[in-house]
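Under mature numbering (1 follows the signal peptide of the UniProt record, and there is no 0), the letters of the sequence shown match residues -26 to -1, 1 to 134, in that order.
Just so you know, these hints were derived from the structure itself, not from any lab.
Any given hint might turn out to be false.
As the list claims (entries may be wrong) - 20 Å max Cα-Cα, derived SDA-like pairs, lysine to any residue:
(1) Lys22 to Trp86
(2) Lys22 to Pro57
(3) Lys97 to Asp15
(4) Lys90 to Ile65
(5) Lys22 to Lys90
(6) Lys90 to Glu101
(7) Lys90 to Pro70
(8) Lys22 to Asn84
(9) Lys97 to Leu129
(10) Lys22 to Arg87
(11) Lys22 to Leu89
(12) Lys97 to Val19
(13) Lys90 to Ile56
(14) Lys97 to Glu17
(15) Lys90 to Arg125
(16) Lys97 to Arg87
(17) Lys97 to Ala21
(18) Lys97 to Thr130
(19) Lys97 to Arg20
(20) Lys90 to Gln46
(21) Lys90 to Glu17
(22) Lys22 to Gln46
(23) Lys90 to Val18
(24) Lys97 to Ala16
(25) Lys90 to Glu27
(26) Lys97 to Ser43
(27) Lys22 to Thr91
(28) Lys97 to Thr128
(29) Lys22 to Phe82
(30) Lys22 to Thr128
(31) Lys97 to Trp86
(32) Lys97 to Leu107
(33) Lys22 to Leu85
(34) Lys90 to Ala16
(35) Lys22 to Glu101
(36) Lys90 to Pro102
(37) Lys90 to Asp55
(38) Lys90 to Leu24
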Amino acid sequence: MALTATRTFLLTLMALIVTLSATGCASRSAALQSPEIQLVDAEVVRAKLLEQEFLLRFRIDNPNDSPLSLRQINYQLNLNDIPLATDQRNINLNVPAQQYAYLELPVFTNLWRHLKTLISAIKQPTEPVQYSLQAEVSTGRLFRQSFNVQRNGTLTPDSF
């Protein structure tokens, strides 16, 4: 009889701990705001006929009162409506609370069929290049939360 009471107590205690833990994680995750992501630079590292290498530099702003640990990014980036990159990367970036950090991602692509359009855009250094970014970033190690981010902006060709 004492064994049954002890067992019932332990099962009740375990259920209470699991319930409180899940509630704490859910309330913490719900409080996180989506980070702001913008493309600040697209550097041409190497340009060959059939393959181009870029180094993309993103600024990630954390609007939260707690640090944000980014672990994965899935993104699609277009320049002047031309698909430049689609990629999924595991990352390890910690953005302090109410601050920002930079993320650099290498990209290998083949823009051969769009070369004429891109060259004409780059030859006009006063005309900004439009970009659109669609991304999904995942945070945390144990309890992941994902944010969808969409951003449209401009880069000046002299930054290439």
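**Request:** Would you list, in rising numerical order, the hints stated earlier that this structure does not obey?
**Result:** Numbers 4, 7, 15, 20, 22, 26, 30, 32 and 35 - these are the hints that the structure violates, sorted from lowest upward.
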